[in-house]
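There are 2 protein chains.
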Amino acid sequence: MKQLGNLIDRIVERININLRDFEFDAGPFVRKAIPLNQLVKFYASCGITPQHPVHFHFSRSNLAGSYFYGKCMVDNAILYKSDVRGDELKAQGDRFHFKGSELPLYDDEVIRIKDACLIKTLVHCYSHDPESLEEFLIQNTASMHYANIHGSPVEGCFIGPFSTVDLTTVHDSIIGAFAYVQVGELSHQNVEPGKVWIKAGDLFEFSYAFPKKVLDKYIAIGFGEKPRGIFIDFVRSRKTDFQNVFDVVNLDAPFNVPPGASLNRYAVVRGQSHISENVLVAQRAYLRNAWLGKGANAQENCYIIDSRLEGNNVTAHGGKIIHARLGENVFVGFNSFLHGTKDFPLEIGERSIVMPHTIIDLNAPLKIPEGHIAWGYIRNAKDLSRHSVSIKALSEVDGKFNLGAMKFKGSGAKFVEAFKHRIEHILEANGAFFDGRKNRGHAQKSQDISFNIVHPYRKGPKKGIYPRIDIQP
Amino acid sequence: MKQLGNLIDRIVERININLRDFEFDAGPFVRKAIPLNQLVKFYASCGITPQHPVHFHFSRSNLAGSYFYGKCMVDNAILYKSDVRGDELKAQGDRFHFKGSELPLYDDEVIRIKDACLIKTLVHCYSHDPESLEEFLIQNTASMHYANIHGSPVEGCFIGPFSTVDLTTVHDSIIGAFAYVQVGELSHQNVEPGKVWIKAGDLFEFSYAFPKKVLDKYIAIGFGEKPRGIFIDFVRSRKTDFQNVFDVVNLDAPFNVPPGASLNRYAVVRGQSHISENVLVAQRAYLRNAWLGKGANAQENCYIIDSRLEGNNVTAHGGKIIHARLGENVFVGFNSFLHGTKDFPLEIGERSIVMPHTIIDLNAPLKIPEGHIAWGYIRNAKDLSRHSVSIKALSEVDGKFNLGAMKFKGSGAKFVEAFKHRIEHILEANGAFFDGRKNRGHAQKSQDISFNIVHPYRKGPKKGIYPRIDIQP
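Residue numbers (numbering that gives the first Met the number 0), protein chains in the order written: chain A, 0 to 472; chain B, 0 to 472.
Hints are not guaranteed to be accurate.
[Claimed, not checked] Simulated pairs of lysine-lysine, BS3-like, Cα-Cα distance not exceeding 25 Å:
#	chain 1	residue 1	chain 2	residue 2
1	A	Lys89	B	Lys461
2	B	Lys444	A	Lys458
3	A	Lys458	B	Lys437
4	B	Lys444	A	Lys461
5	A	Lys458	B	Lys89
6	B	Lys444	A	Lys1
7	B	Lys89	A	Lys461
8	B	Lys458	A	Lys89
9	A	Lys437	B	Lys461
10	B	Lys458	A	Lys437
Since the hints were derived computationally from the structure, they do not count as laboratory data.
Work the whole structure out from these sequences, hints included.
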């Protein structure tokens, strides 16, 4: 395992040099987060479809449990159970529109991961960075458990557990546990844990921070420790359900998958579950007694348990929904934790928006009315009143609007419009609007995948390192 | 599936042009032999160990069910369930000895398969051809079900079902069903079905041909038909036992594997089976109620059922042993079919040699005495008397010696010596003599394999074609 040890040293060294302003040492975190014996046991999958241009290149890396799509180059990296989705990469000749400019792509865009260590992290590729159109780069970076790197090239960063960088290019920054940033570009910042921060230039800014005491209960990471808390326990207790799914080479769907829908063979389906037309269930999604209406999607690392979603629902990466009924077009953002129980169920009316990184952990039954937007920490109706607003009311805000610990400024109308536009785009991209011929999205394009499965060396100095692999059409 | 169809056309065209002297059309055989829907369902495995230098390169090919080792390049080929073993390839700097000459290798040797279609064929790499040291070439060739290409570069050949080319470079030739040739070099020949032919220059020559009526019962292939007969039925009836083995990604051994032994995870083990130290059980070997003594080996495509092998036994590729007790150092050659039953068991005394392509299908109990050599078609003691001779007696032959349909000429001593030398080499190469430190062979080097699993496109014009893959250390 000598080479694997050297690789970890190299990655830590490079992260630390980028984060020298903060005198930050990624070493203890990275070393604690990497289960060396698991790195040897697990395998990586490369999904190949007739629809996606493919190029996989891996060298001097460990890819245990990872899942790749599209065009992905990985050198000197450890990707432990990372899902790296290159199915939205731009192609040569595409034109990227950015604030009135139109920039052509001279080559196909690729995801390039170098000198990085991503633990159970999802990398989703649609980058909004106009500065590097052909390369979506992740370099000199560590991300901890279940962080989302979503359309966000990152360089020299430490990204905490259950955090999300969303459509934000990030340089030399620390992103705290469960923080969410969607701010376009970020450089040399230390974002506090539990901060939810959305900013679009001078148009609008939304921010909320979880009280430290609350956050610590759900997710915390001490210096050089493994992350702990309710989120970690929740995921860990369902880990064995995934084992069967990964043990077999091909897996047949547990029920008839309707036209236009796709159930990834690396998803877990248990109990009385049902999916309707145009539903997308992504790899590592978890359904138990889940009913998904037409055009709903269950994205990577999401859990839908004892719940019914009426249709055109988005459950974003890492979203968790337990004992809930969601009306049509309800959106649940990244890593949100919606925890009803049999006695205290959750109901959400149609067209409502649950902001990314929201925790709804009920001690009483709760109904969120239709057309509302909710954020923060909610346990009951009283909490809800200080952590939600009707979309209509928010649209009328122009200037400052504070409620509880939430601060908003700018144009509420623009904020709502941007959000609605994005939800519409997500549904469209995932194939919710497929009519049998047109409007194909991921649900349709992700059928007929075949997988190449790659394993590391099992013994000797290369133990844990994968052979150098290049796969092209 | 357009590209797969084009590929088959291309391969057939090239075989036919090489075999134009015979006005032979490989097309109907090849098309009948290739189960298009299976080509899409199965996957290929590339075995990676710390001991073997690795380079896999595959392009424009289908590799369904194949298993690779070492350095293998495959272009424009269909390898359906072929085991391609590059674990005995020579390395740069090695010196190849040939009749007093010493030839250095300037590069690592590679197996290169081009424009070929190999159906359930084993390719074993130790080439004895001094003319092409760095490349073991298989080109413009079709081989049918369970043929063995063993240390034999072939070009422009049609190799019939259950036939073997062994340490023989073959050009533009047809090898009939169940024929065995070990003659050094062969060009523009049509070898009749069921011929067993061993020739070492002027030193010795052994030949035997199965009666057509007997052969037809065991294996026959009509023009443009699938092969049929007892051999095919035998293999087909055990096919489902292999299914489980291929369905899971990693498979734990069903019993404790003793030191120095190796049980390949793509072997089938059923019933009360036992393996001792230094035993090698290769991929696609099949054991049911099989007891294997120290240093025995069970090679690819062999079946050992309700039998006991005392130790240092070789069961060569495709050998089948049912209801038999074999003493120490008994050798069973390629594709031999030793079929005892509960009522009519077979016993073979120590140091006896069952020639490649021998059929022993009993209608009475039979004992082959120790130190004997047996060939041809044997059903009982009467048959044995006309199809065997003591090794001692054969050693004393100098000149002609005919017995039944067997014809021998030359030095019996040299023949026996060559055979014994080869058996010793096979045991050594497979690791039978490993003492815990020295004399490592395949049994020891084949531990700690990890596998990369590659799949074809499932839909579209590339359906059935594998992506272009390159794997290096």
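Comparing the hints with the structure gives:
no. : hint                 : verdict
1   : A:Lys89 to B:Lys461  : holds (22 Å)
2   : B:Lys444 to A:Lys458 : holds (11 Å)
3   : A:Lys458 to B:Lys437 : holds (19 Å)
4   : B:Lys444 to A:Lys461 : holds (16 Å)
5   : A:Lys458 to B:Lys89  : holds (23 Å)
6   : B:Lys444 to A:Lys1   : holds (20 Å)
7   : B:Lys89 to A:Lys461  : holds (23 Å)
8   : B:Lys458 to A:Lys89  : holds (23 Å)
9   : A:Lys437 to B:Lys461 : holds (23 Å)
10  : B:Lys458 to A:Lys437 : holds (19 Å)
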